[in-house]
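Chains as they are written, first to last, in this note's numbering: chain A, 351 to 572; chain B, -19 to 75; chain C, 439 to 983.
In short, the hints are calculated from the structure, not lab data.
Please note that the accuracy of each hint is not assured.
[Stated by the list, open to error] Here are the simulated BS3-like cross-link-like pairs (lysine-lysine), alpha carbons at most 30 Å apart as the crow flies:
| no. | chain 1 | residue 1 | chain 2 | residue 2 |
| --- | --- | --- | --- | --- |
| 1 | C | Lys932 | C | Lys862 |
| 2 | B | Lys44 | A | Lys498 |
| 3 | A | Lys454 | A | Lys546 |
| 4 | C | Lys932 | C | Lys857 |
| 5 | A | Lys538 | A | Lys483 |
| 6 | A | Lys476 | A | Lys415 |
| 7 | B | Lys44 | A | Lys415 |
| 8 | C | Lys934 | C | Lys862 |
| 9 | C | Lys934 | B | Lys51 |
| 10 | A | Lys546 | A | Lys415 |
| 11 | A | Lys379 | A | Lys541 |
| 12 | B | Lys51 | A | Lys541 |
| 13 | C | Lys718 | C | Lys503 |
| 14 | C | Lys857 | C | Lys934 |
| 15 | A | Lys454 | A | Lys538 |
| 16 | C | Lys934 | C | Lys718 |
| 17 | C | Lys718 | C | Lys783 |
| 18 | A | Lys415 | B | Lys51 |
| 19 | A | Lys476 | A | Lys538 |
| 20 | B | Lys51 | A | Lys546 |
| 21 | C | Lys495 | C | Lys718 |
| 22 | A | Lys483 | A | Lys541 |
| 23 | A | Lys498 | A | Lys483 |
| 24 | A | Lys415 | A | Lys483 |
| 25 | A | Lys379 | A | Lys483 |
| 26 | A | Lys455 | A | Lys546 |
| 27 | A | Lys538 | B | Lys44 |
| 28 | A | Lys498 | B | Lys51 |
| 29 | A | Lys483 | B | Lys44 |
| 30 | B | Lys51 | A | Lys476 |
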Amino acid sequence: MESLDATNTIVQQEVGTKAHHISDPHQHKDAVGAKIGMWLFLFTELLLFGGLFLLYMAYRLQYTKDFVIGGQELNIILGTVNTIILLTSSLTMALSIAAIQRGKKDLSIIFLVSTILMGLAFLVIKYFEWTAKFSHGIAPNSPELLSKPNGEIVFYGMYFSMTGLHALHVLIGIVVLSFMLVFLLRNKITKEDYIKLENSGLYWHLVDLIWIFLFPLFYLIH
Amino acid sequence: MEKEHKEHFIPYGTYILVWLSLISLTVLTVTIAGIDFGRFSLFIALLIAAVKSTFVINYFMHIKFDDLIFKVFLLVALVTLASIFILTSTDIFFR
Amino acid sequence: MANGTLAATLENYLEYKSKKGIFAWILSTDHKRIGILYLVAMVTFFWVGVTLGFLMKLEMLTPGKTIVDAQTYNTFFTLHGVIMIFLFIIPGIPAVFGNFFLPIQIGARDVAFPRLNLLSWYLYIIGGLFAIISLFLQGGPIDTGWTFYVPYSIRTTTNVILPLLGAFILGFSSILTGLNFITTVHRLRAPGMTFFRMPLFVWALYATAWIQVVATPVVGITIVLVIIERLLHVGIFDPALGGDPLLFQHLFWIYSHPAVYIMILPAMGVVSEIIPTFAKRTIFGYKVIAFSSLAIALIGYFVWAHHMFTSGMSDTSRMVFSLLTFLVAVPSGVKVFNWVATLYKGSIELRAPLIYVMMFIFLFSIGGLTGLVLGSLATDIHVTDTYFVVAHFHYVMFGGTAVILFAALHYWFPKMFGKMYNEKLAIWATPLIFIGFNMLYFTMFILGYLGMPRRYWSYLPEYQTLHIISTVGSWILVAGLMLMFGNLIYSLFKGKPAEANPWGGVTLEWQVPSPPPVENFEEIPVVNHGPYDFSTINENKDGKS
């Protein structure tokens, strides 16, 4: 090994330059590949929430009446407002990508900032919804909730877990989009190379998609 | 590789139309939530949600304009999800 | 193909130094180095698992206490399961050999996302550390069994959350590897490398990767919910608050049954590589084997509830899942027939890798056939939760996957390290492993059939003879394993240098030097024939030299 080292360094110098330009498979740009990777990741998210929806189906079947009672306790107005906010944020997200595709950086930034702001608004409303529930003594393992029938405990268990996990995804989305904003400002995302923004957009739309189902399943039960 | 991915720019107007449909469907689902369709209520609510997601997936997420491979992938994921639901139903609906 | 003299001047991946010392390894995004990193970690965890298994068998030598008390025994079998399943067998072949050989076999320089690949390894290590750290914290090691069944896992006072988090992180690692492989196969195949020119190992990894991506998240959410249940008592899995523990079992097995195929499919892929090489014959029924991998991945996804026949789920469900379970035996059977047909009239060279493959076919067939006993409702009720089940899954996982992991280790050892192992010692280890294995686990079939329940610390005296045979078997097995690993480690330092193609294989990894250069290929090869085309290769060789 030792004796080989000397020859190796020489070889290394010789191939050094060559190795560098071919060795960039590590950094090669492949927008389609990146998008395939992103979609596969989205499927994992889909299946993750899929597990929760499966539980929801089972428990709604088992505790139909309690779910109706629980659902009517939720604030339908706040739920609707949040749905509209999230749908609109999805629109601005798509528009932000459309703008950068056409090379309009400023417009893209405006749309992206609006998306982030709407994401934050969603979380603020969610915060008020949750704290309102807490102030009525409805929280996991609270004496008030434990005094209710099992079906309602499970309903709120599902409600807090599913909307909580969803809110966590919104939060992650906001963080990711903030990074994208920085990239946009620093011209790391451009008309020629905007796959990062496109992939973050896909993530944001997925979060929206999940809410599209959460909304009727929790707020619109009668 | 052989077939590089061709750029398809969706007009701003299309996005806004899609958004308008999504909002209308939201209003619709909230409005009819008050009406009692009996056992169909849940079905209708889910149907509307499914239509909304079709819009989001096809336009906002571009699936409609993407290469076939993305459509096939999405199908695989959705079929998987559906199978889990159907097979678990054989237990919970017949217990 | 790479020209011989020029290729020799390309630096091999083992000696390439971009950074100094250990950082050249743990910060490397080279898929081959990452494969070796996994190998080192995995072999370490494997020996921890073996030690625990060895101690368990020692404890079972006599009824009542032999070396440890009952609670320690509980933590032994839990950790043995968690380590062997989550840290050894599930990542096993894909993470080590998949990482190393998938890009080379399809003619690529690396995987699609090399940095993500390195992240997977870190997640794997962090997940493993979580499981290990939990042993030494207040509360004591987890005692739920590797299945984490509720409601016990939400009631026990041992450290459950940390190993669960570990399993969650390991799941993430597994997902990222799968996602990486799928994208690699779709985007980085060399020119001319069509899907039906890919080696069957790649096909198997591709099918596996899909299961990793679409099944793992389900256990992810299940684990998260158990943690939430323990911390916040939301009631989703707690029967006292209205939750349904059966739903936990559904969700758990929705992942954990397909996980069995995550374990076995890559092994089947390796078998499909080794058999043609040592029979010097193209594989029989290439397309059928390729599609059977996808079929196993697909059907394997639909059979999870056969783990729950006695759990109290509906009769409809039990019949549906029993039927589907029988279906999954079909593609596995197809593979076995094709392998045997490939060997038929081949010019067989009986080297260590092929001996392991033979061992695999024998042991895996026993494992598969006893699976049918467990898959049919009536017989399952008799043997469920007995040693019969333990024997069955050891035949499938150890006799199946781990034995093939050993085969792959011997088969690709010259390529990975550029050294030859000692063939004689390697062959000597196989009868020890085979005899030890069968003494250890076949007695468990009998014990289980006679009614010995799994996971029990003590037993009735009439079972003792069989337990003693089993324990002695475990000693022979461990001796065989030590001989095997000892030989490989010795060869790592003192082995003779290996040539580029010691076995006369025809897939792309044998066309590059041993060990492969950093860039794998000096020039990306152009592929114009199927993966096991021995005639073309021989002609080419004659033409060139």
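Hint check results:
no., hint, in the structure
1, C:Lys932 <-> C:Lys862, "holds (15 Å)"
2, B:Lys44 <-> A:Lys498, "violated (47 Å)"
3, A:Lys454 <-> A:Lys546, "holds (16 Å)"
4, C:Lys932 <-> C:Lys857, "holds (8 Å)"
5, A:Lys538 <-> A:Lys483, "violated (43 Å)"
6, A:Lys476 <-> A:Lys415, "holds (25 Å)"
7, B:Lys44 <-> A:Lys415, "violated (40 Å)"
8, C:Lys934 <-> C:Lys862, "holds (14 Å)"
9, C:Lys934 <-> B:Lys51, "violated (51 Å)"
10, A:Lys546 <-> A:Lys415, "violated (46 Å)"
11, A:Lys379 <-> A:Lys541, "holds (15 Å)"
12, B:Lys51 <-> A:Lys541, "holds (25 Å)"
13, C:Lys718 <-> C:Lys503, "violated (54 Å)"
14, C:Lys857 <-> C:Lys934, "holds (5 Å)"
15, A:Lys454 <-> A:Lys538, "holds (14 Å)"
16, C:Lys934 <-> C:Lys718, "holds (24 Å)"
17, C:Lys718 <-> C:Lys783, "holds (10 Å)"
18, A:Lys415 <-> B:Lys51, "violated (39 Å)"
19, A:Lys476 <-> A:Lys538, "violated (33 Å)"
20, B:Lys51 <-> A:Lys546, "holds (21 Å)"
21, C:Lys495 <-> C:Lys718, "violated (42 Å)"
22, A:Lys483 <-> A:Lys541, "violated (46 Å)"
23, A:Lys498 <-> A:Lys483, "holds (14 Å)"
24, A:Lys415 <-> A:Lys483, "holds (20 Å)"
25, A:Lys379 <-> A:Lys483, "violated (48 Å)"
26, A:Lys455 <-> A:Lys546, "holds (15 Å)"
27, A:Lys538 <-> B:Lys44, "holds (28 Å)"
28, A:Lys498 <-> B:Lys51, "violated (46 Å)"
29, A:Lys483 <-> B:Lys44, "violated (41 Å)"
30, B:Lys51 <-> A:Lys476, "violated (34 Å)"
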